[in-house]
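> Go by the hints and put chain E onto chain G.
So the protein sequences, as listed, match chains G and E. First residue of the first sequence: 26, per my numbering; consecutive thereafter. First residue of the second sequence: 160, per my numbering; consecutive thereafter.
Hints are supplied without guarantee of correctness; some may be wrong.
[Said to hold, decoys possible] Below 25 Å or equal to it, Euclidean Cα-Cα: the simulated DSS-like pairs (lysine-lysine) are:
| hint | chain 1 | residue 1 | chain 2 | residue 2 |
| --- | --- | --- | --- | --- |
| 1 | G | K148 | E | K1008 |
| 2 | G | K161 | E | K450 |
| 3 | G | K161 | G | K98 |
| 4 | E | K453 | E | K392 |
| 5 | E | K1113 | E | K1072 |
| 6 | E | K1101 | E | K1113 |
| 7 | E | K316 | E | K276 |
| 8 | E | K1072 | E | K1176 |
| 9 | G | K189 | E | K853 |
| 10 | E | K309 | E | K208 |
| 11 | G | K98 | E | K456 |
| 12 | E | K392 | E | K240 |
| 13 | E | K1008 | E | K1088 |
| 14 | E | K208 | E | K240 |
| 15 | E | K208 | G | K98 |
| 16 | E | K778 | E | K758 |
| 17 | E | K450 | G | K98 |
| 18 | E | K758 | E | K814 |
| 19 | E | K392 | E | K309 |
| 20 | E | K234 | E | K349 |
| 21 | E | K1222 | E | K1212 |
| 22 | E | K456 | G | K161 |
| 23 | E | K453 | E | K440 |
| 24 | E | K1212 | E | K1148 |
| 25 | E | K1212 | E | K1247 |
| 26 | E | K453 | G | K98 |
| 27 | E | K805 | G | K189 |
| 28 | G | K189 | G | K161 |
| 29 | G | K161 | E | K453 |
| 30 | E | K240 | E | K276 |
No wet-lab data here; the hints were simulated from the structure. No experiment lies behind these values; they were computed from the predicted model shown.
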Amino acid sequence: MLFKGINNKLRPQSLDLHQFLSVPFYFLSTSLTFFAFFPNLSQQNMIVCVAVVGHQNNPLYLQSFTGSDDALKLHHIVHCSLDVIDERVNNPKRSASTLNETFLGLLYPTENYKVYGYLTNTKVKFIMVTTDLDVKDADVRSFFRKFHAAYVDAVCNPFHVPGKKITSNSFSERVGAIVRSFGPSMTL
Amino acid sequence: MEDYPEELRTPPVSLVCLTGCPELHHPISAFLHSEQPPINTLALPDFSKASVLARKKNRDPLSQPTPAPPSGILKRDWLLKHRTRVPAVVAALFRADQISGDPAQWLQACTDLENLKSLIHGRSTRLVVVLVQTQAAEELSEDVMAALRKRAEIDSKHLVEFVQNDASDLRQSLNKLASLFAELCLTYYKEEGRRIRSIIEKKSSPFPELNIRYCFKIAIYAEFRRDWSEALKFYEEAYRVLREMANTSTRLPPIQRLVEIKTIAEQIHFKISTLLLHGGKIMEAVARFLKHIKTYKRLVGLPEVDFLHWEWFSRQFLVFAELLETTAASAPSSQSPQFGTSESPFSEWEFQPAYYYQLAANYLREKRCCLEQSSVSKTDLPTKITEAPDSVMPSTHIGQSARLVEEGDIVTVLPLSDAEYVAYALAEAERFQDCYEIIALYKRAQESFSSHGSQRMACLCTLGMAREYYASDDFTNSKQLFDTVAAMYRREGWAPLLWEVLGYLRDCAKRLGLTNEYTAYSLEMAALPVFSTGFEETIDFGPAGPATLSRREEIQREALNFAVETDGDPEPVGLDVDPVSPLRSVLLVAVAFHEQSVKPDSVASLTVSLLSHLPLLFKVDLLEVEFNQPACNFSMSIPLEVSPNKWLRLTHEVKSGQSGKLECLTVKAKINNNLIICCRAESPALMEDLTSWKYENQRETYPTLDPALSLSGQKSIQVDEPNPLVDLTLNSIGPALVGEVFQIPVLVVSTGHVIHGGELKINLVDARGGGMLMSPRETDESDAHHVELLSISGLPEEKEDDLNTDLSEETKSDNIRKIQYSFGVVSVPVLKEGESWCCNLEIRWHRPKLVMVYVSLGYNPGDVDQRVNVHRSLQIEGKVPFFTNHRFMMPFRREPLLISNIRSLISPLEEKKVSLALKENNIVIVSAKNCTDVPLNLVSMKIVPEGGTNSNEKLFLVQEISGISNKCTRFVPGEEFRGVFSITPLVAKSSLSLGVVCVEWTRDSKNQDQPETVTTKHSLPQVCVEEPPLVAAIECPPFAIVGDPFSLYIKVKNNTNLLQEIKYSLGDSQNFVFCGAHVHTASILPGKELVLSYKFVPFSAGVQQLPRITITSVRYSAQLTPSIAAGTIFVYPAEPKFSLEKNGSELVV
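Excised from the complex, chain G in its bound form (with noise of 0.2 Å):
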């Protein structure tokens, strides 16, 4: 992995790699988004795509497996999936028991895919697009909160600056291992 450029206002002199690596939350006061998109290249594997999705709702991750053909519209839809996550955010209709949500559940439907989304505290949005039509809401949050923690992982990495897009080659691999492990199996 490159040394990418840490802004030297942020990198603590005094300590070494050691105690740095010991405050691991050190980057958790700033946030990002992820999407991430997963193929359906077997019976097993229904996510196509997931992404992590920043602030400015720029994309931070954006893998793609799926066939080409789909590639693009999958951006599109997530893209797209941004406008339902803004409203629901911003609709005060919510009750009292949903404040601390993180799952902002299906966003919509297109007549292939089904697209959830998931809000951390720190107003990141991971977006998952799946081909299984009858997904069940508790897997969905089993797998967002695996990735949830995959993203947290990654973004505690000192080389990572805040707010830049998320090039880690082992976070890919572990998101690769949650998408694969994604089903009804989660649950059990």
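Relative to chain G, chain E alone:
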């Protein structure tokens, strides 16, 4: 939806037939139509027209012994027939005189009735006979009625009398008729429905077509009687059977069979959706629609006609969107506050028509796509059937087509083969231009999404439109739309999406011949942060090509060499890059001066930094840097190599001889001699990130070597003024006093510069901040200014004329002199080196205030064309010269009884106002204390009544008892002066203004011959003047001698018209003996004076206290006790000797 026949789109309305008495048809029809629910009428003017009701021979297919398969599912005209030609009720109208009069007429009526009966025979249509009576008297006999009823074979309640003599009767008859019709219609449609239901239940039909048809009919009949739930139930049933039939039916050739099924499904589904939506069940309607879509999506049919499927499919979305839009009032935002959860599986957009419009557009594109393929493959078909048959028309059944063949006069309708049908459908489809339809759909969706705030979805629809325009070679519209889309993607940094759009834009610009735009789009594409990650190679990005680094490089080469190819055109391509331009990622220029300010004519260093995100290195042949001072512009013609993603830093020095701001404006880079990029220079400190690159995980670099300069560097520098060679002096003599005209001398001496066009600006500012020298509330009044610049005096004009005769004309012409309350400008004449000029600022303080006086001199120092400014300031405090006070008193040993004083004792909360006695001498003592640090001369002190001394009506008299003896009384600081005045009010008044005390004074200065007199005013309060009812006075000699008797009188005057009772008492004293009553009571007559006389003999010498005297007024409960001073007398031990001067004047001991 507009393509559907009227009878399908609107709910069915019951039909009633009227015949006979044509003059009544209009009022009855109008009345029935306005009923709720309305009833339509089929009006036949006379009985001969009744043959339209005749029934065609049409037997129930199931009742035949060997049922023949039906040739279709639904007949095209069945619904229309029931809405316009088959009435539920037939009403025969007869006039009463027709029945009761002539036997021939009676016979005619009977014949008509028979005819009618035969026409409706076999149907459950009801017959009603209406007897029209023009007058109530025309009552028909029971016999006639019975005969008529028998003839018509109807119940007695179906024989109605219609009376129309007046409005109320008419209305009543109409009501009666309408309710009868409504009831009979209901019965009719119920029976019809039941009849068909029984057919289904009795015999299970081998033909599902018939089942569908019957279900449809039952549902329609249910709709006729507004039984929506039953209608819905049977529509659903029909829909279900139809879907099952799709896999089993073999009646028609497969393509046409599918077309028919889909057409019927569409109509049934339309009915279901309409019923659900109008019933407010929007959730069910959406769910139903989604199911419908899911059911039929895969029923594409044979590949050569798949375009028919997608056209049909698109229409489903369009119709549903239109239905949703027309019933949009009941959008379910309140029903389900949160979408997308397991409780509410729908999302927001599924209730918006825009979503369906957009999908309709998508499927219409699909249809066009399939159509193009089919058209291409058409050539593969055998030639004999590629020709579409000439006269294809819709057949009698819905969803079927047939061919008309004319052989001579005989026209026969023949079924079509599938091949013929395909050819026909292709020919039909090619006649239409789908792209306009698609654009219209996207447009509707886009407008709707925008109005709901879904900008990105609207953007996607715009993209759809733009692609359509592009596909139809309308590049102008297309480019315009792509531009709006690109703006959205740029803002949010969606590089792959932007890449695609820019590819289209680039192609549009190329085809429209817009060289500049083409280059701009190309360079922007080349500088986009897209990298190969493996999949981009295969994604179809349209004309943009794959989003890879190699493609970017290719585009860059194309763009930079593009201009070379058009070598015939000498004009190089010019691109402007401003701070909001997307081309900043192509070339970003940061300019930072190393210092914040610089002396004139000295060298300032600056760094010009260039950054490019283009993938390939390029050479800048010429770099021109332009400033706001053109003299500082410079250019570099050494070829500079700009590497990708790396700052190229150039340091240069500039020298400016002109003071003020020196700002770098633009930097022009000439590339390949044919492209000029003109960048607006940006300050590193204020530079914004590049929208497309700021999220890229790249090493952060700085435009300057020194990172601190990158954070603070500015593209402008302040060039200082040359040092002034002029002395400006501001003097002041101590504090200013409020009221006086205070003078501040200003002296200008040139010590090196020749002053040309000098201008002296004076500004007064409140030293305690706020800047306001006036009270905020009274800004309009002229005297509201606390401190005022009056004038500038002492200008040595005559000297100027003498000394500078050659320049006097000039100085006079531009002699600026402008004075405002706190601001003044005065011009300064031309001063050569060593010369001086002075003036005095005259300022008056109205209130005590601390003020800063700012004086600035601006001038041109001779030859150099720039202004030099000198500033001076002085803080001056305005002080009050006197502390003035006043006190009211009564004359010695004289006390008028003032009622208000007694009242104020009783209720002390009331506002206390000084009371003066009418026509008595009231004493006021005014004291003035010098509270300054300088001695002052007091010139005069007087009381000036309000409105001046010349007022017509004298309200009171003022007499000065003691005041200033000399012309000028000198006061040292801290000294106090008292003036005594007597005021005699002449009018009783509850509120009398005594005017102001005017104190005139001058500064005690010796160097001024005629010191200016200043008046300081002190206003006296409002007083209350009242007539005292009693006035008590004590008369006593000024001194006494031991053992020598003297008289003391107590005089009490009664000023009222009442008898006043007085109690008085004298205490004992060991120093005096006296004769007279100790305690007594006396009565005073109105207007009279009571004199109490006492004789006193003092015993001891010195200052002695007289016995205590008390006078009490019974009426007013007021008691007077003289003060200690009034009750004191000096007693000499012996008679004093007075020595007399020679000139006879007397000395008082």
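> Now tell me, hint by hint, if it's right for this structure.
Now for the hints, and whether the structure bears them out:
1. A hinted pair counts as satisfied when its Cα atoms are at most 25 Å apart, and K148 of chain G with K1008 of chain E does not qualify at roughly 57 Å.
2. The straight-line distance between the Cα atoms of K161 of chain G and K450 of chain E is roughly 19 Å, inside the 25 Å bound, and the hint therefore holds.
3. Between the alpha carbons of K161 of chain G and K98 of chain G the distance comes to roughly 24 Å, so the proposed pair stays at or under 25 Å and holds.
4. Distance hint between K453 of chain E and K392 of chain E is fulfilled; the C-alpha atoms sit about 20 Å from each other, no more than 25 Å.
5. Using a Cα cut-off of 25 Å, the hinted pair K1113 of chain E and K1072 of chain E holds, with the two alpha carbons roughly 21 Å apart.
6. With a C-alpha separation of about 17 Å, the suggested pair K1101 of chain E and K1113 of chain E falls inside the 25 Å cut-off, and the hint holds.
7. Restraint check: the Cα-Cα separation between K316 of chain E and K276 of chain E comes to about 17 Å, which is no more than 25 Å; the hinted pair holds.
8. At roughly 21 Å between alpha-carbon atoms, K1072 of chain E and K1176 of chain E fall within 25 Å of each other, so this suggested pair holds.
9. For the proposed pair K189 of chain G and K853 of chain E, the alpha carbon gap of about 7 Å is at most 25 Å, so the pair holds.
10. Annotation: proposed proximity of K309 of chain E to K208 of chain E holds, straight-line Cα distance about 24 Å (limit 25 Å).
11. Straight-line distance between C-alpha atoms of K98 of chain G and K456 of chain E comes to about 20 Å, which keeps the hinted pair within the 25 Å bound.
12. Distance check on the hinted pair: K392 of chain E and K240 of chain E sit about 23 Å apart at the alpha-carbon level, within 25 Å; holds.
13. In summary, the hint linking K1008 of chain E to K1088 of chain E is supported, as the alpha carbons are separated by about 20 Å, within the 25 Å threshold.
14. For the given pair, K208 of chain E sits about 17 Å from K240 of chain E by alpha-carbon distance, which is consistent with the 25 Å threshold.
15. Restraint check: the Cα-Cα separation between K208 of chain E and K98 of chain G comes to about 65 Å, which exceeds 25 Å; the hinted pair is violated.
16. In summary, the hint linking K778 of chain E to K758 of chain E is not supported, as the alpha carbons are separated by about 36 Å, beyond the 25 Å threshold.
17. As the CA atoms of K450 of chain E and K98 of chain G are separated by approximately 24 Å, the hinted pair is consistent with the 25 Å bound.
18. Between K758 of chain E and K814 of chain E the alpha-carbon distance is near 9 Å, which keeps this suggested pair within the 25 Å criterion.
19. Between the alpha carbons of K392 of chain E and K309 of chain E the distance comes to roughly 41 Å, so the proposed pair goes past 25 Å and is violated.
20. The suggested pairing of K234 of chain E with K349 of chain E holds, with an alpha-carbon distance near 21 Å, which does not exceed 25 Å.
21. As the CA atoms of K1222 of chain E and K1212 of chain E are separated by approximately 14 Å, the hinted pair is consistent with the 25 Å bound.
22. Among the hinted pairs, K456 of chain E with K161 of chain G is consistent with the structure: their alpha-carbon atoms are about 24 Å apart, no more than 25 Å.
23. For the given pair, K453 of chain E sits about 20 Å from K440 of chain E by alpha-carbon distance, which is consistent with the 25 Å threshold.
24. Between K1212 of chain E and K1148 of chain E the alpha-carbon distance is near 22 Å, which keeps this suggested pair within the 25 Å criterion.
25. With a C-alpha separation of about 6 Å, the suggested pair K1212 of chain E and K1247 of chain E falls inside the 25 Å cut-off, and the hint holds.
26. Taking the CA atoms of K453 of chain E and K98 of chain G, the gap is near 21 Å; set against the 25 Å cutoff, the hint holds.
27. With a CA separation close to 19 Å, the supplied pair K805 of chain E and K189 of chain G stays within the 25 Å bound.
28. Proximity of K189 of chain G to K161 of chain G is assessed by CA-CA distance (about 32 Å); at most 25 Å being required, the pair is judged violated.
29. Taking the CA atoms of K161 of chain G and K453 of chain E, the gap is about 19 Å. The hint holds against a cut of 25 Å.
30. For a cut-off of 25 Å, the pair hint linking K240 of chain E to K276 of chain E stands: about 20 Å separates their Cα positions.
Going through the hint list in order, the structure does not satisfy hints 1, 15, 16, 19, 28.
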